[in-house]
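Using the sequences provided together with the hints, build the complete structure.
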Amino acid sequence: MKRLTYLTCSLIVACMVAAMVGWSMAAGNFLVPVVAIPLGIIVILACRAQVDIVMADEREKRIRSKAALRTLEVVVIGGAIAAIILYSFVVSIPLSPIITGKLFLNDDGTQSMTIAEYKPGSVPGPQTLVRSNTIKNLNAMNETEAMTYCTYVREGFSENENRGLAGTVIGCGLAALLATFGVFYLYYNRKY
Amino acid sequence: MKNRIRVLRAEHDMTQEQLAEFVGVTRNTIISMEKNKYCPSLKLAYRIARLFGVGIDDVFTYEEEIDGPSGDDE
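Chains as they are written, first to last, in the working numbering: chain A, 3 to 194; chain B, 9 to 82.
Hints in this document: simulated from the structure, not taken from any laboratory. We put the CB at the ideal spot given by N, CA and C, even for glycine. Among the clues, some could well be false.
DSS-like, lysine-lysine: derived pairs with alpha carbons at most 25 Å apart [stated by the list, open to error]:
no., chain 1, residue 1, chain 2, residue 2
1, B, Lys-43, B, Lys-10
2, B, Lys-45, A, Lys-68
3, A, Lys-68, A, Lys-104
4, B, Lys-10, A, Lys-104
5, B, Lys-10, A, Lys-68
6, A, Lys-68, B, Lys-51
7, A, Lys-63, B, Lys-10
8, A, Lys-104, A, Lys-121
9, A, Lys-68, A, Lys-193
10, B, Lys-10, B, Lys-45
11, A, Lys-104, A, Lys-193
12, A, Lys-63, B, Lys-43
13, A, Lys-193, B, Lys-51
14, B, Lys-10, A, Lys-4
15, A, Lys-63, A, Lys-4
16, B, Lys-51, B, Lys-10
17, B, Lys-51, A, Lys-63
Here are some, though not all, of the chain A residues that point toward chain B, as calculated from beta-carbon distances under 7 Å [unchecked claim]:
no., residue
18, Ile-39
19, Glu-60
20, Glu-161
What follows is the structure, given as structure tokens:
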């Protein structure tokens, strides 16, 4: 079997396994992946055993290991910078939106409150206003007004929190990647 | 590391493909070695030398200036 034939077979098997796993997940049948994935691996390994040319020699392995190491370095450095930048949206005060609440005494003696959100790092004013909402009677607010009041701050910060979450995910992913690298490094260090 | 693989191959009337097949590497590796871009591992160097029936010193000459990926750690 030639290299191209082997790669084509592997691609077809991988597509079939992916389709079966996808279908089984949608159908709620968890038995199919348990059978399909090992079967796919066996078929690919059997195809690989039939390949009669050199698939990867020492130069190829050397190039792959160098490429993998460079990829790891670039991903770790780039990912760490991205994670720090994204997480800084959560902890940085200038990057957070400015939310103010002002109480007013109405003519009839009731109190009203205006909650306003301004652009991050700006001076509160009409030019930097993102949105505002007024609760006409603070002591007799209806359900919608109460919900608005409760969720206003959370909604204001949600964009920053999403960025922070993305930063945390990237950070955790990098930590997992480095941990995996460390495990393999120790393994090969002991082996050779 | 400089080498005489191209010369020895010509002397033995052997193609790059044939040499690659005999020593168990890809043709690209033979091409890289002939261009002095890749330093083979000791194992591969001995295999090539034995195939041509010469000593390893007759195939490879060590020169410090030439730098390239080495297969010595294989």
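We went through each hint and held it up to the structure:
As the CA atoms of B/Lys-43 and B/Lys-10 are separated by approximately 9 Å, the hinted pair is consistent with the 25 Å bound. In summary, the hint linking B/Lys-45 to A/Lys-68 is supported, as the alpha carbons are separated by about 15 Å, within the 25 Å threshold. Taken as a hint, the A/Lys-68 and A/Lys-104 pair is broken in the structure, with Cα atoms around 61 Å apart against an allowance of 25 Å. Among the hinted pairs, B/Lys-10 with A/Lys-104 is inconsistent with the structure: their alpha-carbon atoms are about 81 Å apart, more than 25 Å.
Proximity of B/Lys-10 to A/Lys-68 is assessed by CA-CA distance (about 22 Å); at most 25 Å being required, the pair is judged to hold. Of the pairs offered as hints, the one joining A/Lys-68 and B/Lys-51 holds, with about 20 Å between alpha carbons and a cut-off of 25 Å not exceeded. Between the alpha carbons of A/Lys-63 and B/Lys-10 the distance comes to roughly 22 Å, so the proposed pair stays at or under 25 Å and holds. For the hint pairing A/Lys-104 with A/Lys-121, the CA-to-CA distance comes to about 17 Å; that is within 25 Å, so the pair holds.
A hinted pair counts as satisfied when its Cα atoms are at most 25 Å apart, and A/Lys-68 with A/Lys-193 qualifies at roughly 19 Å. This hinted pair checks out: B/Lys-10 and B/Lys-45 have alpha carbons roughly 9 Å apart, not beyond 25 Å. Under the criterion of a C-alpha separation no larger than 25 Å, the hint pairing A/Lys-104 with A/Lys-193 is inconsistent with the structure, at around 68 Å. For a cut-off of 25 Å, the pair hint linking A/Lys-63 to B/Lys-43 stands: about 19 Å separates their Cα positions.
Annotation: proposed proximity of A/Lys-193 to B/Lys-51 holds, straight-line Cα distance about 19 Å (limit 25 Å). Restraint check for B/Lys-10 and A/Lys-4: not satisfied, since their Cα atoms lie roughly 32 Å apart, outside the 25 Å limit. Our distance criterion of 25 Å between C-alpha atoms is met by A/Lys-63 and A/Lys-4, whose separation comes to about 19 Å. Between B/Lys-51 and B/Lys-10 the CA atoms are separated by roughly 17 Å; this keeps the pair inside 25 Å, and the hint holds.
Taken as a hint, the B/Lys-51 and A/Lys-63 pair is honoured in the structure, with Cα atoms around 15 Å apart against an allowance of 25 Å. This hint is violated: A/Ile-39 has a C-beta 30 Å from the nearest C-beta of chain B, more than the 7 Å allowed. The interface hint given for A/Glu-60 is met, as the beta carbon of that residue sits about 4 Å from the closest beta carbon of chain B, less than 7 Å. With a least beta-carbon distance of about 47 Å to chain B, the hint placing A/Glu-161 at the interface is violated under the 7 Å criterion.
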